[in-house]
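Once you've looked at the hints, dock chain B against the given chain A.
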Amino acid sequence: MRSRILPAIPAALLLILGAAAPALAGGGLPVLSSMKAGNTEVTIYGDSMFVHTGTNTLTVEATGLPEGAAIALNLIGPDGKTVVVPLRPLRVVAGPADAHGGDHENESDGHESEDSGHESEDSGHESEDSGHESEDSGHESDGDAHETESTQHGSSHDAQADQHGDEPAESESPVWFRGKASVPTTGTWKAQLEIGGAKATDELKVVGNGPSPLYLAFTGVIMGGTITYGAIQRRRQSQTGRA
Amino acid sequence: MVAQRNPAPVPPQESNNLLDSPWLKGFLKSRWFPAIFTYPTLLVFGYIIYALLWGPEAASANLGTSLTWVLWWPLIPVFMFTMGRFWCAICPFATTIDLLQKFFGLGRPVPAFLKKYGIWIIDAVFIIITWADHVLGIVESPRGSGYLLGLMLTGVVVTGILYERRSWCRYLCFLGGLSGNYSRSSIVELRATPEICATCTTQSCYKGDGKTAGCPIFEFPRTMQTSANCNLCANCIKTCPNGSIRLDMRPPTKELWFIARPKFEESFLAVVIVGIVLVQNITMLSFWQPVMEFFMSVLFGSKTAAFTAVFLIAMGLPIGVMSAASWLSGRFTGETFAKNFARFGYAVIALDLAGHIAHNFFHLLAEGKSIFYNAAGLFGYQITGSAAIVSMQTIQILQFATLGLGIFGSIFTAYKIAARDQQAGLKAFWPHLIVLLIFGAVNLWLFTMPMEHRV
Numbered sequence: 001m002r003s004r005i006l007p008a009i010p011a012a013l014l015l016i017l018g019a020a021a022p023a024l025a026g027g028g029l030p031v032l033s034s035m036k037a038g039n040t041e042v043t044i045y046g047d048s049m050f051v052h053t054g055t056n057t058l059t060v061e062a063t064g065l066p067e068g069a070a071i072a073l074n075l076i077g078p079d080g081k082t083v084v085v086p087l088r089p090l091r092v093v094a095g096p097a098d099a100h101g102g103d104h105e106n107e108s109d110g111h112e113s114e115d116s117g118h119e120s121e122d123s124g125h126e127s128e129d130s131g132h133e134s135e136d137s138g139h140e141s142d143g144d145a146h147e148t149e150s151t152q153h154g155s156s157h158d159a160q161a162d163q164h165g166d167e168p169a170e171s172e173s174p175v176w177f178r179g180k181a182s183v184p185t186t187g188t189w190k191a192q193l194e195i196g197g198a199k200a201t202d203e204l205k206v207v208g209n210g211p212s213p214l215y216l217a218f219t220g221v222i223m224g225g226t227i228t229y230g231a232i233q234r235r236r237q238s239q240t241g242r243a
Numbered sequence: 001m002v003a004q005r006n007p008a009p010v011p012p013q014e015s016n017n018l019l020d021s022p023w024l025k026g027f028l029k030s031r032w033f034p035a036i037f038t039y040p041t042l043l044v045f046g047y048i049i050y051a052l053l054w055g056p057e058a059a060s061a062n063l064g065t066s067l068t069w070v071l072w073w074p075l076i077p078v079f080m081f082t083m084g085r086f087w088c089a090i091c092p093f094a095t096t097i098d099l100l101q102k103f104f105g106l107g108r109p110v111p112a113f114l115k116k117y118g119i120w121i122i123d124a125v126f127i128i129i130t131w132a133d134h135v136l137g138i139v140e141s142p143r144g145s146g147y148l149l150g151l152m153l154t155g156v157v158v159t160g161i162l163y164e165r166r167s168w169c170r171y172l173c174f175l176g177g178l179s180g181n182y183s184r185s186s187i188v189e190l191r192a193t194p195e196i197c198a199t200c201t202t203q204s205c206y207k208g209d210g211k212t213a214g215c216p217i218f219e220f221p222r223t224m225q226t227s228a229n230c231n232l233c234a235n236c237i238k239t240c241p242n243g244s245i246r247l248d249m250r251p252p253t254k255e256l257w258f259i260a261r262p263k264f265e266e267s268f269l270a271v272v273i274v275g276i277v278l279v280q281n282i283t284m285l286s287f288w289q290p291v292m293e294f295f296m297s298v299l300f301g302s303k304t305a306a307f308t309a310v311f312l313i314a315m316g317l318p319i320g321v322m323s324a325a326s327w328l329s330g331r332f333t334g335e336t337f338a339k340n341f342a343r344f345g346y347a348v349i350a351l352d353l354a355g356h357i358a359h360n361f362f363h364l365l366a367e368g369k370s371i372f373y374n375a376a377g378l379f380g381y382q383i384t385g386s387a388a389i390v391s392m393q394t395i396q397i398l399q400f401a402t403l404g405l406g407i408f409g410s411i412f413t414a415y416k417i418a419a420r421d422q423q424a425g426l427k428a429f430w431p432h433l434i435v436l437l438i439f440g441a442v443n444l445w446l447f448t449m450p451m452e453h454r455v
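Chains as they are written, first to last, in this note's numbering: chain A, 1 to 243; chain B, 1 to 455.
Excised from the complex, chain A in its bound form (with noise of 0.2 angstroms):
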């Protein structure tokens, strides 16, 4: 009989201490921007605090939007350039999430560590599924066959064709929309954003990329220097072999 039990104590207490405990959100997506156009409520995520001179993939949220409105985003340089950003719907594909991959399921209460930009993501997280939802049922119209390709094709149709349906109701669910767009130039650039005629621009400093010149100056002289001096005494070596 004992030596039944004894076995059994390790597995109880793993079902004891199994109560999962709760994880805590990483970073996130650092904010860039939050505007308001017509009704809509607008949040652009970056992926660097920053944008940044080459390729910048920007999310966006937008919560109120109307059903079945276009959306468009442009980057407007200082130049005057205008760089467009091809928005398409984000596609959630498993479990609820916060436009980075995130986990959240089993977030606790405990965001102390967080900054207030990730507190902001998650008011909109825990109704994600929704309005993923009630962006594919504006869908429903085009017949099956379109909501088949945007499953299954990342969302290949572009936001701005999404307008059909002639009374836009509006989705208090925040819907994420994904661009990339290559920023040419550093210096102060305008958001402009478009939501069904409505406008909004806000300012978006673009800073340079990559790391710092000094560490790739430092780090490349050594390894350089060092190289040359391999390749010069391999040399001499090889001279004075011959020789």
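Calculated from the structure, these hints are not laboratory results. Possibly wrong hints are sitting among the right ones.
[Stated by the list, open to error] Facing chain A, from chain B, some residues (calculated, C-beta under 8 angstroms):
1. 61
2. 104
3. 106
4. 113
5. 143
6. 146
7. 154
8. 161
9. 164
10. 323
11. 377
12. 385
[Stated by the list, open to error] Here are the in silico distance ranges between beta carbons for each label pair:
13. 214/A with 199/B: 57 to 63 angstroms
14. 137/B with 208/A: 41 to 47 angstroms
15. 202/A with 36/B: 47 to 53 angstroms
16. 238/A with 32/B: 27 to 33 angstroms
17. 217/A with 43/B: 23 to 29 angstroms
18. 217/A with 31/B: 38 to 44 angstroms
19. 437/B with 202/A: 55 to 61 angstroms
20. 75/B with 208/A: 32 to 38 angstroms
21. 75/B with 220/A: 29 to 35 angstroms
22. 53/A with 263/B: 48 to 54 angstroms
23. 336/B with 213/A: 51 to 57 angstroms
Cβ atoms here follow ideal geometry from the backbone N, Cα and C, with glycine treated the same way.
Showing chain B alone in chain A's frame:
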């Protein structure tokens, strides 16, 4: 005195040679091994460096960060347990050394101070990097991670060109030091057959045979008694003309039971890792902020000073507790504190490894899908979702099971170490048992706390 006691003889090895499989032996002897792994790894590493230094600054959006800290770092201790230091054989740094040495290497002998103090340098670098990770931000910052890898690459290039073989891997790489320690408890070991080696005149396992280089990290399989410095590159399997090399399966931690010449610095590293795991866990827990706030309030509001204080306490506690146990245990055996510490410090390795794996189960299994989302983004597929692969409950069961095995492994190892000393008997064991139970309990408690994501 210690020298007068008679340690129990090491039991004869049972043969469980994986090289009895002609398929495996053929693969390890072929020129494709380990090249089939090294060059793809080097390519991925090149991309990771690029992504970390020039890619998105947000960790959650950077594929380099996901690949490094969500995939590679959690898998590394699992590899070490199952395949010893095999990672070191395919490590991009090692491949870089090999490539550079072909064209620019000067092949100078390793300086004596590196041979003598290499492990201490590894200890110090490990502590500094852990400290810097929290003060300067390495893991959560792609640029920070990139800077660290770039600095290591600089060290690799310099030592690779100046000195012979893989001096960096053997004497300076902190990951090599960690791998060396963990590999002692792995389930495979590469060894030579002494009876065959006794008749050998070529020693090509160390020197190379003209076609294949000798051991890249200065091991002589004939006398090798530890897996700490064997990276399973299979050079010795290729070069040995007598078929002396064996690749045996063994019970986990077995090597730790019979260490012939324990070294204080190696044991010290094992105990340092307890502190590092402690720091890594504590800083990801929900009570970390209040602790930091308290220390900041008494340390003039400086975050760096507050973290440094907590860091020193967390690193010093395991060393202090272990030192006390060694002093007490040494009173039963007649050993000095240092000798006892050196002998029993190895027992902690199993718990280190288990704690490392258990901690990273969280990152791998709760954040694993971020790799997929970020990789999909590279190809224009904008998708997102929960990053969790399994539920938090499943992760915790795995964590506690792993920790349980680690605690058992450490206690059993300490018992076996104590049992070798027939004169002192098990009296020397009890202080270390208490310490291991404390370490185990602290780890178990830490894993019940909420944890923060890396990405």
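Note to self: Looking only at beta-carbon atoms, does the pair residue 202/A, residue 36/B fall within the given range of 47 to 53 angstroms?
What the structure shows: holds, 52 angstroms
Original post:
Hey, does the residue 377/B contact hint survive, CB to chain A under 8 angstroms?
Top reply: holds, 6 angstroms
Range agreement (Cβ of residue 208/A with Cβ of residue 137/B, hint 41 to 47 angstroms): violated, 20 angstroms
* Hint status (Cβ of residue 323/B to nearest Cβ of chain A, threshold 8 angstroms) -> violated, 30 angstroms
Notebook entry, point to check: Does the CB of residue 61/B sit less than 8 angstroms away from some CB of chain A?
Noted result: With a closest approach of 4 angstroms, the residue 61/B hint holds.
ask   = At a threshold of 8 angstroms, is the proposed contact between residue 146/B and chain A supported by beta-carbon distances?
value = holds, 6 angstroms
Can residue 164/B be said to touch chain A, with a Cβ gap under 8 angstroms? Check failed: Cβ of residue 164/B comes no nearer than 13 angstroms to chain A, outside 8 angstroms.
ask   = Does the Cβ-Cβ separation between residue 238/A and residue 32/B fall within 27 to 33 angstroms?
value = At roughly 31 angstroms between Cβ atoms, residue 32/B and residue 238/A fall inside 27 to 33 angstroms, so the hint holds.
| said: Looking only at beta-carbon atoms, does the pair residue 217/A, residue 31/B fall within the given range of 38 to 44 angstroms? | reply: With a Cβ separation near 39 angstroms, residue 217/A and residue 31/B satisfy 38 to 44 angstroms, so the hint holds.
Taking the CB of residue 75/B and the CB of residue 208/A, does the distance hold inside 32 to 38 angstroms? Hint holds: Cβ distance 34 angstroms, inside 32 to 38 angstroms.
Honestly, do residue 217/A and residue 43/B meet the 23 to 29 angstroms range at C-beta? With Cβ atoms ~26 angstroms apart, the hint holds.
**OP:** Go ahead and decide if the range 29 to 35 angstroms is satisfied by the Cβ distance of residue 75/B to residue 220/A.
**Re:** holds, 31 angstroms
The earlier numbered hints that this structure contradicts are 4, 9, 10, 14.
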